[in-house]
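Undergrad: Now for the letters of each chain:
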Amino acid sequence: MGTAIVVIVLVLIVSAAIRSIIKARKNGQHPACGGDCNHCGGGCH
Amino acid sequence: MRTLRDARVGETVKVEKVAGEGAIKRRIMDMGITKNVEIYIRKIAPLGDPVEVTVRGYELSVRKSDAEMVILKEGE
Amino acid sequence: MGIRIALAGNPNCGKTTLFNALTGSNQFVGNWPGVTVEYKEGKYKGEKEVTIVDLPGIYSLSPYTLEEVVSRNYLIDERPDAIINVIDGTNLERNLYLTTQIMEVGIPVVVAINMMDVVEKNGDKINTGKLSEEIGVPVVEISALKNKGLSDIVNKAIDAAKEAKPQAPKHRFNGSVEHAFAHIEELCLHDIADENLQRWYSIKLFERDEKVQEKLGLSQEVISHIEKDIQSCEQELDDDAESIITGERYNYIGTIIGDCVKKAAVGLSSSDKIDRVLTNRWLALPIFALVMWLVYYISVTTVGTWATDWANDGVFGDGWHLFAIGSADYNDAAEEFAANQIIVDGYDVYVEENGTEPTGDFEYPVEDEETLEVTYETASLEDYEAAKAYVESNEEPDPANYGVWVPGVPVLVGNLLESLNVNEIVSGLILDGIVAGVGAVLGFVPQIFVLFIFLAFLESCGYMARVAFIMDRIFRRFGLSGKSFIPMLIGTGCGIPGIMASRTIESDRDRKMTIMTTTFIPCGAKLPFIAMVAGAIFGGASWVAPSAYFLGIFAIIVSGVMLKKTKLFAGDPAPFVMELPAYHWPTLGNVLRSMWERGWSFIKKAGTIILLSTIVVWFTTFFGFTADGFRMLAEDEIDMSILASIGKAFAWIFIPLGFGHWEATVASITGLVAKENIVGTLGIIYSASGDVYGAMNAAFTAASGFAFLAFNLLCAPCFAAMGAIKREMNSAKWFWTAIGYQCGFAWVIGLISYQVGKVFTGEGFTVGTIFGIAAICILIYGIFRKDKYKAN
Numbered sequence: 021m022g023t024a025i026v027v028i029v030l031v032l033i034v035s036a037a038i039r040s041i042i043k044a045r046k047n048g049q050h051p052a053c054g055g056d057c058n059h060c061g062g063g064c065h
Numbered sequence: 007m008r009t010l011r012d013a014r015v016g017e018t019v020k021v022e023k024v025a026g027e028g029a030i031k032r033r034i035m036d037m038g039i040t041k042n043v044e045i046y047i048r049k050i051a052p053l054g055d056p057v058e059v060t061v062r063g064y065e066l067s068v069r070k071s072d073a074e075m076v077i078l079k080e081g082e
Numbered sequence: 006m007g008i009r010i011a012l013a014g015n016p017n018c019g020k021t022t023l024f025n026a027l028t029g030s031n032q033f034v035g036n037w038p039g040v041t042v043e044y045k046e047g048k049y050k051g052e053k054e055v056t057i058v059d060l061p062g063i064y065s066l067s068p069y070t071l072e073e074v075v076s077r078n079y080l081i082d083e084r085p086d087a088i089i090n091v092i093d094g095t096n097l098e099r100n101l102y103l104t105t106q107i108m109e110v111g112i113p114v115v116v117a118i119n120m121m122d123v124v125e126k127n128g129d130k131i132n133t134g135k136l137s138e139e140i141g142v143p144v145v146e147i148s149a150l151k152n153k154g155l156s157d158i159v160n161k162a163i164d165a166a167k168e169a170k171p172q173a174p175k176h177r178f179n180g181s182v183e184h185a186f187a188h189i190e191e192l193c194l195h196d197i198a199d200e201n202l203q204r205w206y207s208i209k210l211f212e213r214d215e216k217v218q219e220k221l222g223l224s225q226e227v228i229s230h231i232e233k234d235i236q237s238c239e240q241e242l243d244d245d246a247e248s249i250i251t252g253e254r255y256n257y258i259g260t261i262i263g264d265c266v267k268k269a270a271v272g273l274s275s276s277d278k279i280d281r282v283l284t285n286r287w288l289a290l291p292i293f294a295l296v297m298w299l300v301y302y303i304s305v306t307t308v309g310t311w312a313t314d315w316a317n318d319g320v321f322g323d324g325w326h327l328f329a330i331g332s333a334d335y336n337d338a339a340e341e342f343a344a345n346q347i348i349v350d351g352y353d354v355y356v357e358e359n360g361t362e363p364t365g366d367f368e369y370p371v372e373d374e375e376t377l378e379v380t381y382e383t384a385s386l387e388d389y390e391a392a393k394a395y396v397e398s399n400e401e402p403d404p405a406n407y408g409v410w411v412p413g414v415p416v417l418v419g420n421l422l423e424s425l426n427v428n429e430i431v432s433g434l435i436l437d438g439i440v441a442g443v444g445a446v447l448g449f450v451p452q453i454f455v456l457f458i459f460l461a462f463l464e465s466c467g468y469m470a471r472v473a474f475i476m477d478r479i480f481r482r483f484g485l486s487g488k489s490f491i492p493m494l495i496g497t498g499c500g501i502p503g504i505m506a507s508r509t510i511e512s513d514r515d516r517k518m519t520i521m522t523t524t525f526i527p528c529g530a531k532l533p534f535i536a537m538v539a540g541a542i543f544g545g546a547s548w549v550a551p552s553a554y555f556l557g558i559f560a561i562i563v564s565g566v567m568l569k570k571t572k573l574f575a576g577d578p579a580p581f582v583m584e585l586p587a588y589h590w591p592t593l594g595n596v597l598r599s600m601w602e603r604g605w606s607f608i609k610k611a612g613t614i615i616l617l618s619t620i621v622v623w624f625t626t627f628f629g630f631t632a633d634g635f636r637m638l639a640e641d642e643i644d645m646s647i648l649a650s651i652g653k654a655f656a657w658i659f660i661p662l663g664f665g666h667w668e669a670t671v672a673s674i675t676g677l678v679a680k681e682n683i684v685g686t687l688g689i690i691y692s693a694s695g696d697v698y699g700a701m702n703a704a705f706t707a708a709s710g711f712a713f714l715a716f717n718l719l720c721a722p723c724f725a726a727m728g729a730i731k732r733e734m735n736s737a738k739w740f741w742t743a744i745g746y747q748c749g750f751a752w753v754i755g756l757i758s759y760q761v762g763k764v765f766t767g768e769g770f771t772v773g774t775i776f777g778i779a780a781i782c783i784l785i786y787g788i789f790r791k792d793k794y795k796a797n
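Residue numbers (the numbering used here), protein chains in the order written: chain A, 21 to 65; chain B, 7 to 82; chain C, 6 to 797.
It should be emphasised that the hints constitute simulated quantities derived from the structure, not laboratory data. No residue lacks a Cβ here, since even glycine has one placed at the ideal position from N, Cα and C. Be a bit skeptical, because a hint or two may be false.
[Stated by the list, open to error] Taking lysine to any residue pairs in the SDA-like style, the calculated list, with each CA pair at most 20 Å apart, reads:
#, chain 1, residue 1, chain 2, residue 2
1, A, 43, C, 570
2, B, 49, B, 8
3, C, 267, B, 63
4, C, 268, B, 44
5, B, 49, C, 283
6, C, 570, C, 738
7, C, 175, C, 134
8, C, 570, C, 616
[Unchecked claim] Covered stretches of chain C, as calculated for chain B (at least 3 residues, CB under 8 Å):
#, stretch
9, 242–250
10, 473–479
The shape of chain A in the complex, shown without the other chains (with noise of 0.2 Å):
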């Protein structure tokens, strides 16, 4: 049982991670993209 809960969880927390970085993608931004655009090579597009 706990380990069902704990199973779904991670699933839960990896899912998320990737769908960030796949929705951080489709904005145009690389995984490599923190945001900050200082010196921004442009190689994400």
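Given the coordinates of chain A, assemble chains B and C onto it according to the supplied hints.
TA: Chains B and C only, in chain A's frame:
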């Protein structure tokens, strides 16, 4: 032909023209080093390069190799 | 309908401070030319209809730098409704130069004179009414820092945008230049869609701006026709087109300044006085050394180490004492107990090995926690009796009995998982994989924050520009910038903040070169590994550790000189014509905001990409095919893991370097997670024999051992540092170039170390030695060959 490279610290010089072409020349001119402007040589960096000058009321740091492109008026 | 207002102005004119004040958005303000490259947007406070766009700080609208191109493309292609041109009142002359160009793009302009408080303090007077009259646009005095005149300037900009009637620039060039403009307009600009842009295009075509020629799609015939007009004008004025335009702009500004500005008597400003000392011929270098030592001492050795130890051993370790109360007492007690325990254990080991009890003095092993080095000490029977009595009468000290003990995250998570009765595979993943991996990376966060406070301060107060001024001469030779010194110094502590510190370097090429070479310097995590190699393979020779630093410095210099001449870094050198901004005291808010923004992006990364990679690494380390099928492995079964299989598959790469066995390969791979892992992995792999150092000594010769050391010091850094490289390069291509170069260079140095080293260590001259010598020749060629991309 005397260039900004040859100017001594403490000297005030007048620019004849900027030689060369392209990005470096344009950048030097954009920063206010144009014909007839007066430049005061403030100091040289501790290791001998670059040079700090006062031009149009502010401080500018120029490498000696770039300063060579700035040709000065003679005898002033 | 929404209104878009663009903010344009020189670097350091306070434009970003104004942007923050108007929008409440978070953005860094630095006293450093070129802090923003991309523009940023924000809604004007309280009015959703009004969008404010922050353009990069620029000196001109020339086509030569990225910032300038970004800004002018925005103005020409996106056509904002109005432009607020921010001007530094203390430096009107150079700032108005940009104004003359902005007024030509055919968009309503209002001018904001910033830093009026400083102007008044200096005793200067600016007649804004007269200025407004002369240049033909509204002029407003503001102080972005003190929130003065802000609503006034925005309202004027909104009014101008609504009216939508751009003022024609009042400035006219020399008659023959205007004549050439007229010709150009007639020839190719009479039918362009937006007639407000006509003047802009004709000036740019006169300047032979290739980007504009391309954009308008002019035929070769038209271009050569224009060329004739330009040349006749150049002949008449005896100068080239660009010089004519620039010179005339500044002459025009000169007349305006004469009418509108009254300068107080020139004396030494306080900024001048500070600068006299800080960049003094004799004092500059000692002061620089002192400043660097302070930054290093505080952010790496003292506060940084406390913070990192607290984060690594406390928050992501067993736990810590609140406010460190009781910590010292506990450490004393624990140390004393451990010292006694070790004698008792040593006695038992003796009995086990010899079958009898020692009759007199006996030796017992002591293992160093960090380097796994085993030394032997001698104890007498009296020592043993005393130790035994101590261990029996005292219990092992419990940290919870001293002060307020806060357990670490792994302990809390472990307890939670245990109480939930979680499957051991899942708890292994969470504890050994995620918490350990992400924790190791997050452990650097406090140190990074401490460092970024310093960097932000040095940047905004104006000293960073002087660092470049002082150090430029040395670093330029290696294709680096004067400011590369800071990343490399910081890199001796940890490569991650080192790489991140590189962003204070404004030239793109210098910055990339710095990022590629910073991690060659041995960081703190590599020290246990260096000590291990020195102890196990070189019998504790004292030259090994210094040689690691020399190797790092050598790698930076050689790489700098070689890479400078390659196609990657080809092209005209970036001009080092840099403004030295006046010193000023930065506001606390700006420094903290800068620290937070930079640190936060690092934390975010630990939560996403690093989280995912730790899961993968954990899986490959703890799973493998055994005699009884695919299953989870115990810690000492690493030789059956997927990682070991990968190591076996790639071990051949290191045969020429003398350590083509899977053990060394796997250690190098786990070193990618964190360099201190190399020690741990080797410890596990070689522990079967009971003597890690002895087993390592047998596995490596002096030559192959040094090759192993050299390769692991120079190859790709740990994942967290690679993440920082990726983040700072901001380009997949450059990221892989950097990693590939580092690994390739490390391999070549390893090859030379082994193949040439063999000759000196008495292993003889072999075919491989010829390859080693050939590699040296290639390096020498790379250093001394002619730079064919150099313009002159």
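Undergrad: For this structure, which hints from the list above don't hold up?
TA: Checked against the structure, the hints that fail are numbers 1 and 8, while the rest are satisfied.
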